Each structure stands twice: as structure tokens, then as C-alpha cells.
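Visitor: Chain A is fixed; fit chain B onto it per the hints.
Protein chains: 2
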Amino acid sequence: MRILILGGDGYLGWPTAMHLSARGHDVAVVDNYLRRNMAREQNVEALMPNPNLHERVAAWEEVSGRKIDCFIGDCGDYRFLSGVFQEWHPDTVVHYAEQPSAPYSMIDDVTARLTLLNNLGATFNVIWAVHEFAPECHVVKLGTMGEYGTPNIDIEEGWIEIEHKGRKGRFLYPRQTGSLYHTTKIMDTDMLWFYVRMWGLRVTDLMQGPVYGLMTDETEQDERLMPNFHYDDIFGTLLNRFLVQAAVGHPLTVYGKGGQTRGYLNLRDTLACVELSANQPAASGELRIFNQFTELFSVNELAEKVQRVGNGMGLNVKIKPIENPRKEPEDHYYNANYTGLLELGLEPHFLTDEVLGGMLEEVIRYKERIDRNKIMPRVRW
Amino acid sequence: MRILILGGDGYLGWPTAMHLSARGHDVAVVDNYLRRNMAREQNVEALMPNPNLHERVAAWEEVSGRKIDCFIGDCGDYRFLSGVFQEWHPDTVVHYAEQPSAPYSMIDDVTARLTLLNNLGATFNVIWAVHEFAPECHVVKLGTMGEYGTPNIDIEEGWIEIEHKGRKGRFLYPRQTGSLYHTTKIMDTDMLWFYVRMWGLRVTDLMQGPVYGLMTDETEQDERLMPNFHYDDIFGTLLNRFLVQAAVGHPLTVYGKGGQTRGYLNLRDTLACVELSANQPAASGELRIFNQFTELFSVNELAEKVQRVGNGMGLNVKIKPIENPRKEPEDHYYNANYTGLLELGLEPHFLTDEVLGGMLEEVIRYKERIDRNKIMPRVRW
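In order, the protein sequence lines correspond to chains A and B. 1 is the number of the first residue of the first sequence in the numbering used here; add one for each residue after it. 1 is the number of the first residue of the second sequence in the numbering used here; add one for each residue after it.
No incorrect hints appear here.
Mimicking DSS-like on lysine-lysine, the simulated pairs with C-alpha atoms at most 30 Å apart in a straight line are: (1) A/K367 / A/K320; (2) A/K165 / B/K257; (3) B/K318 / B/K305; (4) A/K257 / B/K168; (5) B/K165 / A/K168; (6) B/K305 / B/K327; (7) B/K257 / B/K320; (8) A/K318 / A/K367; (9) A/K257 / A/K367; (10) B/K165 / A/K165; (11) A/K305 / A/K367; (12) B/K165 / A/K327; (13) A/K168 / B/K257; (14) B/K318 / B/K257; (15) B/K318 / B/K367; (16) A/K257 / A/K320; (17) A/K327 / A/K305; (18) A/K165 / B/K168; (19) A/K257 / A/K305; (20) B/K367 / B/K257; (21) B/K305 / B/K320; (22) B/K165 / A/K257; (23) A/K168 / B/K168; (24) A/K168 / B/K327; (25) A/K305 / A/K318; (26) A/K327 / B/K168; (27) B/K327 / A/K165; (28) A/K305 / A/K320.
Restraint-style ranges between C-beta atoms, simulated for each label pair: (29) A/T339 / B/T339: 37 to 43 Å; (30) A/D108 / B/R167: 33 to 39 Å; (31) A/G200 / B/E87: 48 to 54 Å; (32) A/G200 / B/R167: 33 to 39 Å; (33) B/E323 / A/E161: 28 to 34 Å.
Think of the hints as simulated: they come from the structure by calculation, not from any bench. These numbers were taken from a predicted model, which means no experiment stands behind them. Idealized CB from N, CA, C, for every residue including glycine.
The following block holds chain A by itself, in its conformation from the complex:
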């Protein structure tokens, strides 16, 4: 299969590209280094050095003997993106090409506008490029579990049947989020659903939870193939921040009460979910939505896990709740379904103490590069 990966330089994009390449697919990556540029501008660069995308592709060929095609450009530029479609003829396009940070989207009007226009502009162009130049191409779009927020009823997989005043209807599950970034993902879903109905596109929308992990069958073969690792307040995930804090002896900063519960998954499982979706595509005119995570954890549960694993490695890990910089429920009902990807064949990798210990060891290897000034929240909303 010919698989085009938009945002192929990202934390998920690059490991996905290698994973699919290793399994015999023809792969091309597209990126404009937006995340790298934003991270440099905000002075929050990744913990480990990452070669640029051309260098990554070359290193992958050296290690695996397999070629990945590489296009540097902006998916928000239709002339560029439609050119890639016309030149490369994908069967599947994996769309990761969005500004990925909730805090970044909340800094000021400039970063908010960039998030809105970049994310919707890219998704719009993907839709049009598929429609005009690859109408049978299956779009695998990365959404987020954050689209649903934390509703008081069970979260279903994308859709809900509502019974109201004696009648029934099937609808997109109602969505409401906690950041402008997440709101742009709701808008993406609205737009995809519209064009799926109008044009019979094939779309799989993956409502993904926060991803953790550095190691995959491919990344562990060569240090140059590692994905980026952000621990800062802008691009870092909760678990990465806790690991870095444990490594440098900083108390784990739980935001507020720590009851915030989300669905998490291992990086290996993200790759598997994308591959399973690509291999069993959505039908023409179908917006297929999966909830993509494997385990639910609260912030407190993750802090306790990191503390236990860190202490087991001889660290002295403390937990210290701090004022929540975000407007979000800290104690809420949360029950989300996630059977679709398991039915497609996903075999989850869970967040064991061993997995966590492996990540912590990796972070400790780069301990001298950790900047403690980037750990505490600076963006408030």
C-alpha cells in the first residue's frame, strides 16, 4: 500500500512512517517543521537531539535498507499539498499535520489564530486534495479523546443514538473541549463529516488519548531514529513531565486535585491502530470513529506510578499538588468505550512498571540536558 504521512516529522508521524515502511508499505512523509519552529520560538526544544527529516529518512535507509520519500512543505498550502498527491498517488493518507499543543493554543491571540487557521486549513486541503486527485484514498485522521471533554454520561465511540420525546436519531457524540487546540479538532470532525456525506470520502477519525513511550521495534534500532521527547509546559505530556521531574529530584506537579482522568496508550499501540485502520479501510461515505486508548488513569494514579517506579530505582520522588493553571474539572465522571480497535485486532501494550522504568532510564541518560525552568506551567487559562 502507498501511505502518505502528513506531519511525518512529529512524535507520532516519524515512528508511524518507519513502522509502516518496515512492514513493506511504500511510505512518504510530509512536514514543514512547524512544531520544531514553534518549540524553538518558545524556547522549549525537545530533550534529545533529533536529526531533521531528510537525515532521519537517510538513517532509516541505512538501518533498514528501505526508502521513505520526503516532502518538505506546508499542508496549508494547497498548491504544494495537491502537488504531492498528484506526484505520489497515495492509497492512504495519515493526517497528523496539526499544531498539537493545547497550552500553545492558549498563549495569546497570535498562537490561537495560528492553531485555528493551521489546523483547519490543513484538514480542508487534505479533504480537497483527496477529492480532486485521489478520491478512493482512505484518510486516517488523528483526532483526540479531548474532543469529548469530560461529560457526565458514558463516552461512546464517536456516535450516539439519542432517544428524545419518543423518537430516535443517531448523531455525532456531542463534543466540548478544554482548549482551543481541542476545539479545532471538533471542527475538523464537523468538516470531515460534512464532506464524507457530500462526496463519499473514506475517513477514519481516531479519537486518541495521550500517548507515552519512546521505544518501538524501529526506534530502538538506532538512536538517530528516536522520536522527539518534550517535557516542557507547552509540548510536554503529563507523563513526560513527571518522568523528568522524578529524574532531577523535582516534586511531581499534580495540577489541582489530580482527579483528571484520561485514556492513555503506548506509542507502539498508536502505530498498530494506524496500521490496523489502514489495512481495513473505512467504506466510501463512511466516517468511522474509534476511541484510541487502552487504559484509563487519573493524574494522581500516574503520579503514584512514577513515584513507585522512581523510588524503586533509588530516586526519592515526591508529589506536590500545585494550583491548576487550566480551567478544567479536577474530579469528574469518566467512562469511555473503546472496543472498535480491539475488534480490528489491537493487542495493547500496557503501562507496566517495566515500561515506565525503561522510559525513566532513558530520561536519566539525558539528565544533564534537562532545563528545570521549563517544567512549571507558564500558560494559564
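Guide: Just chain B now, with coordinates in the frame of chain A:
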């Protein structure tokens, strides 16, 4: 009250400005002539000549003795829009400043992109300008009943309580539309709801049905004060098209089966709804949503009304179903609630034969300006 009207040159914006000015409010209008420019580019200019916005404001002052301030510029340009807020200090902003045509949004990728970026860019800037420079300002936003589409359950006013697996939650009523234009209005609602929750904005989102009519207490005072009247396939409404067809002896073109049912309202009632909303603003942190229409009609019912009224005026009006150029249900359940504005004090003006006859007479006065080439649908989706 100081009321700023964005899109003040539009079919609704200009009559709203005069209506509120006549009732003693301080009014300013903002427009960049986007709709006029698009109409000229598509060769579908309005039936009657309309003076430009400066000329309209001057004519209104001549007729009424009241001044309306006028700013020509693009609400998508934050420097311009935030400048207007800082200079003019509105208590209420009425946001009509969007590309208003469903067919225009479906012509090609250029018009679709313009619709997406223009509409979301304007709404985003309104949100930020209010947040930064007028945090107590009440935003009255024009949405559309089209956001809901034609669901198989009753349409509530913006919100729905869902009971699911023994638990309950209140959500934005699920939305799914029939054009990209309407989809941008869903996205507007998503974005407004996000920032209302984050920043405590005051927002009234008016889910308006198609509006008809030319005459208000103000427009009927002077021909120069009349709103624009589009009958073409891009900017024209269904009823306007039928009236023009009746006037020139063209069969009324019902799209498909004609069972498409929508909520309609008189132009006078739009003005009243906006005024009622402005006078009784939403609370801080409230996204108040009203369904804004007064009567439900199917396409066939409207065709029959126009036929009856036209024949009563000595015309020989035929009805001729044609292939539907749009992808939409032609026969569907439709039951929408609309009590909120009645409770605020709305006294509806209904679509009587007299009202319809008055509009038809006005159209006949301009009969020689009607271009029959602009009547039939050219945009298909």
C-alpha cells in the same frame, strides 16, 4: 445603548442598523463589501440598486435626522477590528459579518476556502476583540437553523439533555448541516461555546431560519434605504426566487420532491429578535441560544402560496419540480421548538397573502431588471 453591527451593509445588517438607530440607540456599522464583491464576481448582483454604505448612512441621516457611524474594513483583520472596538466602545456587537451563501461555499475550493477562513476568522476576531477591549460587551451572533440539519428527533433550542445508560448530561444539540457555509456556523458555535466557558463572555447565538421581506418601518421611508434583494442561484433565497419566477412567467422551480421543510421569518421579526436580545443580554459565561423563526413551511407549501397570490394578481403561475442540485433529504421529519424569543416578547409578523403580494408587487416594479439566466441552479453538490 451603543450597538456595533458587523456586516452592516448586508440584507439584515442594514435594516437592523436603521431599526436600532430609530429606537434611540447609538449605532455603528462595519462592512468590507465582501458580499457585493462576490456578487459582482459571480455576475449575480442584487435586483434593485443599493447605494453604498456611506450613501445609505447619509440617506438615513437625511430621512431620520439620526447619525450612524460607518467603518469600512475587514473583520478578519484583527488590527482593524480591534481598532474599531477601542475607538467605539460598544455595549453590544451584532455579528452578521460572514459569507452568507450555501451555494457560494460549494462552487469550488477557492470559494470553499474563502468561506471557511472568512467566517471563522471573523468570529475569532470578534471573540478576541471583546475579550481584550470590551469584556462586558454582549455578542449577538447570527447562526442558522441549518446548523441542526433535519434530524429525526425534535430540534430543541440549542441544547439538549441526553439520558444515556441511566445517566444524564446537558449538551449542545448535535448539529449536522447541508453545506460548507452551514458547517462554518457549527464551527462558530463550537468556538463561541469554548471561549464563553473559558472567559465568561456574554453570547446570544440566534439560530435563524430563512428571512423574507423588504419592508420595515425604516426601509419603507425611502427607496434608498431598501435592503438588497437577491433572487439568483447563489445569494437568492427560495422565496425570492419564486417571486421573481412568478413575475416573469417562469415556472416555480421546486428542487426535487419539495418536502424540504424549514422555519421562516419576516425581516421585521429578525430586527425585533436582535433588539429583544440586545435589550435583555445573556449573562456573563452564558451561551444563550434561540431558534429564530416563526412559521414552518415546506418548499411545496411556499410554491403553492406564491402561485395562489400570483394568480390572484392576474399572473399565470406554474410549478415545475426540477432535479435537486443539492444533496439533501427531500422528505423528512421536522419539528423545531422556538419559544425563547416569544418569551422575550417577540410578536411575529406572519407570511400572509398580503405580505407576499406586497413583495411580489415590489419585484414586478423591477421586472425589466430581472435576468432569467440567473434563476436556474448552476452550483451542484
